[in-house]
Each structure stands twice: as structure tokens, then as C-alpha cells.
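**Q** Next come the chains, spelled out residue by residue.
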Amino acid sequence: MTGSRLPAGGLIDRTKPISFTFEGRALTGYAGDSVASALLANDVRIVGRSFKRHRPRGLLSLGMEEPNAILNVGTGAHAAPNRFATELPLAQGLAVSPTRGWPSSRFDLGGVLDLWPTPLAAGFYYKTFIGPRLPGVRDAWNRLWEPLLRSLAGQGRAPEGVDPDAYDHAHIEVDVAVVGAGLAGLAAAEAALGRGARVALFERDIRPGGRALGRDGDPRIDDAAPLAWAEGAWARIADNPRATAKLRTTAFGLYDGRQLAVYELPVDGPYAGRIWHVRAKEIVIAAGALERPMTFPGNDRPGVMLASAVEAAIRRYGVRPGGQAVVFLNHGDGAGLRQALNAADIEIVAEVGPDETVTGTQGFGRLQSVDIAPLGPDGLPRMDARRRVPADLLATSGGWSPALALHLIQGGRQAWSEADGCFIAAGGGQDGVRLAGAANARFSAAAALADGHGSTAGGAPGPKTTGGDAAPSGQGLPLAPIAAERLKRQAFIDFQHDVTVADIGLAAREGFHAIEHAKRYTTAGMGTDQGRTAQLATAAALAAATGREIGDIGLSGLRPPVTPVPFGALGGWRRGALFAPVRQTPMHRRHEALGAVFEDVGDWKRARYYAAPGEAMAPAVARECRAVRTAVGALDVSTLGKIAVAGPDAAAFLNRVYTNRMDTLAVGACRYGVMLKDDGMVFDDGVVARLGPNRFHVTTTSGGAAAVLNWLEDWRQTEWPDLKVWLASVTEQWAGVAVAGPNAARTLAALAPELDLSDTAFPHLTWRDATAAGLSARIFRVSFSGERGYEINVPWRHGEALWDAVLAAGAIPYGTEAMHVLRAEKGFIVVGHETDGTVTPVDLGLSWLISAKKGDFIGKRALARPALTAPGRKQLVGLEPEDASVVLDEGAQIIATATPRPPEPMLGHVASSYWSSALNRGFALALVKDGRARHGERLFAWSLGVAHAVRVRDPVFYDPKGARLHA
Amino acid sequence: MQDRFSAGRILREALGGNAGWRPWRRNPEPKPRYDVIIVGGGGHGLATAYYLAKLHGIANVAVIEKGWIGGGNAGRNTTIVRSNYLWDESAAIYEHGLKLWEGLSADLNINVMFSQRGVLNLAHTLHDVREGMRRVNANQLNGVDAEWLDAPGVKAFCPLIDISADARWPVLGATLQRRGGTARHDAVVWGYARAADRLGVDIIENAEVTAILRDGQGRFDGVETTRGTIKARTGALVAAGHSSILAAMAGFRLPIESHPLQALVSEPLKRLLDCVVMSNQVHVYVSQSDKGELVMGAGIDAYTSYTQRGALHVIEDQMAAACALFPMFSRVRVMRTWAGIVDVCPDASPIIGATPVPGLYINCGWGTGGFKATPSSGWTLAHTIATGAPHPLNAPFALKRFETGALIDEHGAAAVAH
Amino acid sequence: MLLIPCPHCGVRPETEFVYGGDATVRRPDPKTASLDAWAAYIYERDNPKGPHTELWLHASGCHSWLVVERDTVTHAIGQVRQARDAAS
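Chains as they are written, first to last, in our numbering: chain U, 47 to 1013; chain B, 1334 to 1751; chain Z, 368 to 455.
Some hints could be false.
[To be verified] Straight-line distance between alpha carbons at most 25 Å, and here's what the computed SDA-like set of lysine to any residue pairs gives:
#1 K1603(B) <-> S822(U)
#2 K1624(B) <-> L166(U)
#3 K1564(B) <-> A1340(B)
#4 K173(U) <-> L1459(B)
#5 K1387(B) <-> G177(U)
#6 K1624(B) <-> L155(U)
#7 K906(U) <-> R394(Z)
#8 K1488(B) <-> F625(U)
[Unchecked claim] Which residues of chain Z face chain U? A partial, calculated answer using Cβ under 10 Å:
#9 M368
#10 K398
#11 Y410
#12 H430
In case anyone wonders, no lab produced these hints; they're calculated from the structure. Note that CB positions come from ideal geometry on N, CA and C, so glycine has one too.
So here's chain U without its partners, still in its complex pose (with noise of 0.2 Å):
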């Protein structure tokens, strides 16, 4: 292997070589590489470029708070946009490139936007592109400027076709969960077994130790190296039956009812996993803590690397990121760094002391040299006795910060800790949710592992430590100070979207003194790296620059997930047929195999028309509806929703709930009724049938059945609980076909031999239970086409069956656009049709359903109110088209004029249309403003800019003696 890698030690099998490409460059890493830690052997310095600038960027970090090395990986469906470098295991073939930089990011033409950056300062855009005063561009913003910034902007490719991953969700409950499996996490989740607790314990990383992957300076845990000691840790609870134990498993989101949201990914894949709902009586945040960059003048430049990545790269990767170290830190926690660069054979060419500062770095796309000097009284450098070093690594650290994300975005605050120059947590968030370890600010190895394991466990005692235990001393703010203004411009606080300290400090001298007006309109930590490493610099940025303290400023909120998660792992399996399950009719199979055209009705997929070969839906549907006003039709009305209503006082709950009375129903008869909610309005109609004197057997339409029977309930339960009564859904019970048409009876009589059909044995609007087919069968003397129609209930199950039966009988198979045809024919309206939530059933011609003679009923109050009175009201008419081959639009306004001038009142509007065959015309129903005492009048319903002359009529246009009931 060529490049950086050391020749020994590290967490890497270097008996595995992995062969990848980056940017179409063939490269080799070992197994236990991530793609950046890979990149980095390989020599390969910039990662990528800068939002706005284009500035070529390097690795700042190894771990998850990686601002720069965003990738793109694989290609069309498989592509996967975004991913960082630093999370991403090395794979076998993974093809992975920059998301920015044209033709490529070692020599990007957009770095020219970085040959003068003053004017793209923060929020620029806001105060240019405004005027339409471009000359000979009308419009110019939307016509040029926007397109051409949105062609700019962006970042990874989305991928290409449908996704051939697939995910899946998972639940768990446990006793105590904990979120991270560095040294307090280990201890918490090894106390908690040991009381007996059930356990799960989630890693993001694809290993166990947390911050002891990467450094060797900390003191020995139970006799053995904190590395050895968390392995062994990890093996005692992943073998505990009473514990889950996941690696490469991010916990991304803290909900209500301690509902951990988890997101697992395969160790030794990239790409599909799993996300466990986690439920726990006790939630351990040890997410540990996030070291912070500090913000110099040249900061960004690749090979300026966080202390922390600069240990791991040698320690966990065996990678000499350099060979010539400059060491900037704010803080006292140094050795292990020295160690590690020591062992790599590093020269540590300068030490940045407390009394100075960085205030420039050198190297076209890598560092080599590094400007610093010494600071003056006024605690500004000065530049006069600054020395140049050259270096190729700058490694720097600005202090810790505890990783407070889960913590603050269930509500939990926190608060500057001067002591411990950090925010800490400061209560608020659930019961049963603490922090521990660093995330909890206690960052020395046995503080982390005594507040992980928890005072007050009892049982076992926790780990025992030995030996020296560092830890960061005396932290400041990041913030290195910066001579001149112009040196700000080069001071880096959010890498990926390239704030920089002059941004802020700009933000403030426009008097956006808010930290979140800071971040808003500076865009600091609005990146895909959640700001990890620009949320503090940004506060003492604005800190410095508004004469104020960080406590007082305080940070930006922050939102789930924690993460970023793919949108396909969130919907989980509810994708394709899984994602809005289809309901099916017991009939289904037959309505298939009869070239049925389905429609989507709530979730049910029901028949719209049988299309034989080569039938367009038109002559279908004419001759449907011809079988049905001819011969005889069969409709599946298994969809229709049904209820049970029972109890001694059923009668009178029906008689509350319809506008008409239900108590004068004789058992053995139907009623058809409508209800209102009680604002008036049609909320459901449908047939009520009497079973007997305390039974009732109801429908509702198809797509309402739901929710009518839960405001049912409310009715039932909340308002009249001294009634008895219950209710049952009662829908999936009974199957339904319903035969229609003036043979009808002749149909039914082959089905059912023993009934007798006649007026008098079973008149309209009557029920019998008889044997039809073969099969015990209720039986509805209902229609809605207006001819004579039965509709015949049979249990679920033998839907297929009496289908069938109905068939062999001569029935010809007719839709649910047949049957609007029919009802439309005969005036009768439909939920969803005719009304839209704002229709009483006066304006629908209902009058006569109400009933003057009983008490309440729901709605009665509100159908008094002034508006619903008042003249000027849409009510149900019919419409003829002059031009007796038009079938109308529905949704068509009607107007007074066939030439409207906007804005043209509107009368009213088309709710239903369609091709009569029996009055051989189109035709239509509509509201229209007093439309009831239009009939006769010449209207215009006009759609899409045509306007067709239409006569109002009544809306009943078939039958309307309503003899062919009894045909």
C-alpha cells in the first residue's frame, strides 16, 4: 500500500485489502476502514468543495460531526446522495465521488466565487435580484436569476428509479435503553443487567469503545486497556439474554411515552436497515461528546484536522496523516495527542501556547505552512511578529462539547457551564431520561464510567480505574482572536456552508442579535452536519460581536433526527402494495376475470364498468345501463358500510340520529334516511332496515363507514349514555348483490324458489330472510335505479357464490358508473356528489325526510340558523343541455352568460353528469342558487372555457310516478 499508511497497528485487517473508487480513481483500503479514513491513506487531501465558495475541503473529522467529506455513492437506483465519508464502512467496489465541484473537485471553475467573497457575504441574495428592472428581461428573477442560483446550489444527485433496498420497522420494550456504547454506556447498560433490567444498548459506530477507539493515553478499566475493557464489556451484554445489543445503530429521535426512534444499518453493508421504535421505562443518553474546531484565519484548509481525528486516523487506522505537525489546542488534554503523533513518527513542528494564536494557513489544496503569532496586550495577535512553520497538519482542538441533541430535541434545556467552558444540560425533557458520561460533561474515563454505571444502581460496585485520567482542562470558546476584518473573511465557523466569523459579525452590525436570526439569515449550522462543529462558533462569534456573553446568546434549537435518515427507511414497508392496503369485495376475483375497470372509493377498489373485449367505457356503461332499465343488472354492493344497532332503546337512538322518524318503522320494513351533523349539514345517508323490535340493521355509503360508527359512538357513549344501546360494524359481516331491473323478481325467483315475491308478500321498502342460492340469505326490497331492485345479503364468505348464482340467473353484471347513471336518471343524490359539507337536506329537496312530528333530532337546532334560511341558497336541480349530445363536465359552474367577463358571478356548479341511454341525452345534477324556482330557466355551465346552454329542470328525470318500482 502506497500513501500514508503506517506499517503496524490500528483496528484494520490489513489481510483484507478493499478495492473502491473515489471520483473514478482506483483506490484500496483494509476492512475496518471507513471511506474516509481510506481517502486519507490514500493521500487523498480535498474531499470536496464548499458550498458557496468552492474552497477545496479536506477531512476536519473522522467521526459523525464531519462538516466537508459529503460523497456521493454508486449510481442510478443504487445511487445514495449526501453520505459522509466518516460513517460510511469501506466496501467492496463502493464507487464514491464529491457532491460538489465541476469538472472536479481537485479543479473546480466555481472556485473563481472565491477570488472575491466580500460581496457573496451573508444573506446577499436577499438584497439584490429584486427589481424587474434587468433590461429585456421581464420577470428577471424567476426568468434568470433563480434558475440559474438553483443550478448552482444543490448538492448530491437524487438517485434514479425505484429503490431496490428494502427497510423495515421494528418495535422493542425495554426496561433501559441506552444510546451509545462508549465507556458510560457500558457501564450503564452492565449496571442495568445486573439488577435484572432488560436492555438494549445502541452504537453508531461499527465497533464499541467509543472515544477509547482512538486514543491510548486513558487509564486502565478493571486491569485492562479502556479498548480492551469496553470489547470485553460489549461481549458480556451482547451475550446477555436479557439484552440487545446493536452496532452501526444511530438513535435519531427522543419522542413522547420514552419512544426511542432507532435507526440500524447493516455492519457490513451501506445502504437498507431498520428502524426500531424502542420503548423504555429509562432512556441513557451517553451519546458522549463532540470536540469543536477552533475558528482561525485559514482554518478550512485540508489538513487542518480536529485533535480527536488526528489520534483516531493513527491509532484506530494506522494512517500517518502527516509528517509535519503544528498543535493548536484551547485546552489542556494534550498527551494523548502527542503520544499518538509520536508514534506515527510525526514531528510536532509548533505548539500553539495560550499567549498565542493561528493567523493564517498556506497551501494550495493541502496545508504547508502555518502563520502564528504572538498576542498583544489587547488580546489581539500581532501580526508584526508572526512566524511562519511549515507544516502539513494542523491538528486542533477548540474544547468538548457534551452531544446534547437527543437531550434538547425532547424538550430538554441546557445552559453555559463556565466551569466547564460548554452548555450542559439543564433539565426539562422527559422523566426517566438522564445523560451520562461526557454527553453528561464528565469527560475523564472514570467519571464517565461512575456516572454511566449511576450512584444510586446498589448491586455490583461499577469498574474500577487506575492510573492517569485526562481530561480536558480549562476549555475556552473556539474562537481564536482575529486582528482585522479582512482575516475574518478566512475564519471558518461552519465549514459546509462557508460562515465565516466576518458573516457573523456582519449578521450582528445588521441587527440580527437573535442567535436564531443569526443562524437564519448567516446559515451557519443549516447543513446536512446538522452545524456539530459550527453551533458554538457561531454563538461566541456573535458573542464577541454584540459585546454580550455565550450564556446569555445561547444556541440554536435543535430538530430530529439527530441524523440525517433516509426517506425509504422511515416509510419502512409501507411501500407498493403495502403502502395504503386495498380492499377487496369477495367478489373481486370474478370482477377481474369480467374485465372490470376498478375505481378507488375510500380504500375499496370497486367496479366502475365490465368492458368486454375492445368496449370502450361509453357503450359499456349504455349497456349496463340498458340491462338494468331493460332486463335485469347485478351490482357488488359488499362496500356499502353496515351497522348493527341493538338494545331497547334503539329505536329511539335512530330517531335522535335521522332527520326522519325511525321509531314508526315496522319490524320486517326499511327506511332510506340522512343524517346531519349538528351543524346541519348532510353527513351520511342510507338505508335503515328493522330486524326486530330492540334490532336495526343500518348502512352508510361506502367510504363513510368509519367514521360514521365512531361519531356514533360519541352520540351513544358521551351525549345520551343513559340510552341502551349498542353498536357493531357490521360491514366485512355481509356480502351484497343487488338485482335490479324489471325481471328482478324473475331472477330472484330462480334463486330463491320458496319466496314469495309478489307486492303484497314483499312490498317495496321491506326485508326478508329466506335461502337464495342455496345460501342463508337476508334480502332488501330497496332501489336505487329506480326500478324494481333486491339486494341480497349473504355472510361474507359466499360473496363469490351467490355472485355467481346471480349470473347464472341471467343478471348482467353493471358498475358503479351504471348505477350513477341510474340514480342520477331518478334524481337520487350521493354523498361526495351532491354534497360537499356545506348542504342541508333542504337545499337537496329532502324537505319531506324531515320530520315536524318527533323531538330532536342532530342538526334540527342549526337547520334554523340565518344562513341556512336565508334566500339565495344552492338547491338540487336538474339540467338539460340544449344541445341534447352534450354531456357536461362535472365540476362545470354555472353562470347567466355564455361570454363571463371575470370575476362572473357563479350560480352554482355541475355535481354529477352523464349520458342518459334511456332519455337518449346527457344531463345533469347541480346546486344552483334558488334553483327550485328557476325551473325552466336558461342557464350556462361553463368548464374550461366552453360554455353550453342548459334548462333547469327538476332533477328527477326518469320514472317519476316511480312505477317501475313495481315492474
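Go by the hints and put chains B and Z onto chain U.
**A** Positioned in the frame of chain U, the structure of chains B and Z alone reads:
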């Protein structure tokens, strides 16, 4: 207006190292008395103050904000702007707003990035088609631009959409409003604030109203705040999700429930979606920001809440829906989710006008769709405050309509959130 | 995800329930109710910041309407009763 923004100014200031930029607005101490107090420093409140000062010459106005301006729903929405509402009353007020949007950058001298990229409302069922046609026709007759696209037309306008007939909810067509689009929400808030401030309006942040004062006759007389007592004879409550709380302080009740409404953005992607796509049936509302993020509205959480936090299952539902309509989004990642507190009215229409308290006005009930109305909401409320009577545009949206039953029910047909 | 202790079914996730809003609304006597009283009953709702008494239907369970005490700021759930017990 001094201190104007322009490309030339940017270059001049850059030559001076950007040292010459001035604060966008003052940070005034509250005065003891104003002519008008507006409670709520969101887009609607700031727009009200701006139009009061600009159009009605009432500049002795305080906007009282409990936190930082734009920190509520103004900063938490999906920035969709359109005017294709069904009913005449709604179309009129939203169309008035759309016309204001079209001149807003020039009026406020800030680029609010109003991007007229077109808004598609997809139809997936025959019911959707019927209602979509009804709305397009109503829009056209009201002078609001609207088109009906069939499924191939949808594909031609937005090639990303899966229109295959075997989709769970196949795309049968769509309404299109080409003048609709998105705008940059922060710019709108800051722009109104800057412009109002220049006209003399005091914007007072970090002042939470703790009581509403009434005089002996019961008339509005000012507010107690965490920054002291501020008096005025006229006030307006423009507090979205917190309207019920303020109304209770003033002694009346509202037909409002406050619910969390979640939204999210993806990681930034290269430009791929150049219009706004909305689907009620599949429940997707998506656009791509200029930065490249997919901006999506999720469902409303079922329960009332003041937490600005929603539940995960709502986001999961939303992501399943997004992948159903745009299968290629599956491997794109969610970067941030958040929630606003929306004030939901029974008829999905706002309340703009008088309250039972003389001298006190209210503007609330915008539910899931208030952002688009920011200019016209402020414009009509300013008119109402200045003249003491509603403008014809907002007269139908009186609180009184709930007594008479003259609701403007946008649920039934045009029930499109956001 | 809220966890609601149903008196019949035990602690169940929010997704099994349908929200019903303010539980303190009382239907006035329709024979005597004034217009504004009726409007208040149909449309006005308690919408407090803090403790809230509200209705939930255990739609995917026992189909009971429940009266739930819930805090709209912390989402903590207190007493849960059957609505028919609370109403009678």
C-alpha cells in the same frame, strides 16, 4: 427609503469590506403608549403594521413579540403561495394576496424570492377530478389563473411524478396554478419588519403579553407585558396558535384548536423538482428550495398541543407517501423535521375582524395555510383597524359568521392544506 | 407517540385512537338555545395551554370513548375515564 438594497450597493459595500451595512431595524424600548398595539411578531402581524403605516398613515404602532420575530409559524411553514381556492370569498382574499406577492420584493426592497414555479394539485380519484375541475372553473371565472391537466399533461409538467395506472393511487389529472409557487419565509418576515421600522413602527421582541387591559367601558386599553405596561386604544391579536390564550385573557372564546403541524426538509440535492406538487389523497406537499432541499409538509398531529413537537409516526406516514408518489426519493435522507402550532378553524377559513371587545381586533384561524396569506391578511387587517370597518375582502371572514352559519367551508372541495 | 391507558385494554399507543377534542362541551337544550349558545356549542372549544380534558376513541380497540386528562405542554397524561361514566 434610505439604505436601499441593490446589486450596485452590494458591490459598493463589498469594496468597503462590508463595513457600511446598517441594522435592518431599530431595537427600541417600548413607549408607554401607542395608537395601535399588534400582538404577534410573525409575518401577519408585521405586515399589518407595515400596511397601517404605509397605506393608512398610522405609524405610532408597536408590534409585541414574545420571542424573536418570525419564530412561530412564519419560520416553520413550507412556504407555498397560491390563490386557487374554491369559494369566491377565499379566492378574492388569496388572489389579492397573490397580486401583493408579485410586487412584494420591489415594495419592501428585499428579495423575498417569490418563485412562481407553478403549483400542481394532483387528482387521484374520480372525486378528486370532479372537485379539481370545479375549482379550476371557479378560479377561472373569478379571474384566478388555473388550468386542468390530464395525466400525460402532469407528466409533461413534472416528469418526476409517477403516473403509472397501476400505482396505488394513480394520477388522473391535476389542477395547475402557474402563478403559484414559493417564497423565502425569513425574507418576508425581515422585509416587513425592516420596512415597517423605517416607517416608524416599533418592533419589540422578548415581550410576552401577560394580560390584556380594558377600561371602565370594557374597551381595549393596552397590554401588560414582561417588558412593562403598554397602552393603546386599539389592539390586534395576530398570534396564530396562541390566539385562544390571548382571547381568554381578553375574555372571549374562539372556534379554534391549536395542533402541531410537522414539516421537514431533506438534504440538499441537485436541482430536480421545479414546481410545487400537492396531493391530498396520497398526502404529499413538496417543493425543492433554491438551496436544493426537498421541503415537505407532513400531516397535522391529531391532538391539541403547544409544544412545537410532533410524533414520529406522522413523519413516517409522510415518508411512505412521498416514496409512493416519487419512488426515487427513497434513498434521499431527511435532514430536519419540526412542528409549528397551527390554529385550526372549523371551516378551514380564517377570522379577520372585530372581537367582542371594543377596540380589539383579531386575525387567526389560518390553520395550515397562513403563509401565503401574509400580505393580504396584513393588508385587510390594517384597513379594518384604520377605518374601524372591514374591507369587502375580509368582511366575510368575521368571527360573527359562526353564529349565523355563513361559513366559508374550504374543507369540502378545496381542502388543501399548506 | 402518546401512550394512553385505556381502562379496558391497558396502555396503548396513540395510533390506536381517534382524537375527539374538548370533552367539556355540553349540548344546550335545542328548544331554548340561543343562536350564540348554539354556535358556541358547535364551534367553540377549550384550547388551553396546560391541562386539557379531552375525548379519545379507542377505535382500534374496545371502541370506548374516553375522557383523558392531558397536558398540552408536557403531553403528560393523567386520569382516563370512560366517557359514559363521566357523562352520567
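**Q** Given the hint that K1603(B) pairs with S822(U), does the C-alpha gap stay at or below 25 Å?
**A** 63 Å, violated
**Q** Has the given pair, K173(U) with L1459(B), been kept, meaning a C-alpha gap of at most 25 Å?
**A** Violated. K173(U) to L1459(B) sits at ~46 Å, over the 25 Å cutoff.
**Q** Is the straight-line distance between the alpha-carbon of K1387(B) and that of G177(U) 25 Å or less?
**A** Since the Cα atoms of K1387(B) and G177(U) sit roughly 19 Å apart, the hinted pair holds (cutoff 25 Å).
**Q** Would you mind confirming whether the straight-line C-alpha gap from K1624(B) to L155(U) stays at or under 25 Å?
**A** Status holds; Cα separation ~19 Å.
**Q** Checking one constraint from the list: CA of K1624(B) to CA of L166(U), max 25 Å. Satisfied?
**A** Holds, because 15 Å separates the two Cα atoms, which is no more than 25 Å.
**Q** Is the hinted pair K1564(B) and A1340(B) satisfied, with a Cα-Cα distance of at most 25 Å?
**A** 42 Å, violated
**Q** Quick check on K398(Z) please, does its C-beta sit within 10 Å of some C-beta on chain U?
**A** 7 Å, holds
**Q** Have a go at the Y410(Z) hint: is there a Cβ in chain U nearer than 10 Å to its own Cβ?
**A** With Cβ-Cβ at 8 Å, under 10 Å, it holds.
**Q** Would you settle whether the hint for M368(Z) is holds or violated, based on the nearest Cβ-Cβ distance to chain U being less than 10 Å?
**A** 5 Å, holds
**Q** Going straight from one Cα to the other, do K906(U) and R394(Z) come out at no more than 25 Å?
**A** 13 Å, holds
**Q** May I ask you to test the interface hint for H430(Z) with respect to chain U, counting a Cβ-Cβ separation under 10 Å as satisfied?
**A** 6 Å, holds
**Q** Straight-line Cα separation of K1488(B) and F625(U) no greater than 25 Å?
**A** 22 Å, holds
Checked against the numbered hints listed earlier, the structure breaks hints 1, 3 and 4; every other hint is satisfied.
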